[in-house]
Amino acid sequence: MAHPHSAPTHSDETESVFLDTHLLQFHSIVCYLCEEIGLTLC
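Following our numbering, the residues of the sequence shown are numbered contiguously, the last one being 60.
Just so you know, the hints here were simulated from the structure itself, not pulled from any lab data.
A virtual CB, placed ideally from N, CA and C, is assigned to each residue, including glycine.
Not one of these hints is a red herring.
Here are the simulated distance ranges between beta carbons:
1) ASP30 <-> GLY56: 36 to 42 Å
2) TYR50 <-> ASP30: 27 to 33 Å
3) CYS52 <-> THR32: 28 to 34 Å
4) SER34 <-> GLU54: 26 to 32 Å
Using the sequences and the hints, build the whole thing.
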């Protein structure tokens, strides 16, 4: 019982949206660090 919400039709979609938002936040943090350091990796 890892997932409290047992919805088989929305479980995959919810996880994909969660991963997308997490990746967007991670990318924004990486770009912020790149700008702070002065590197042009993004």
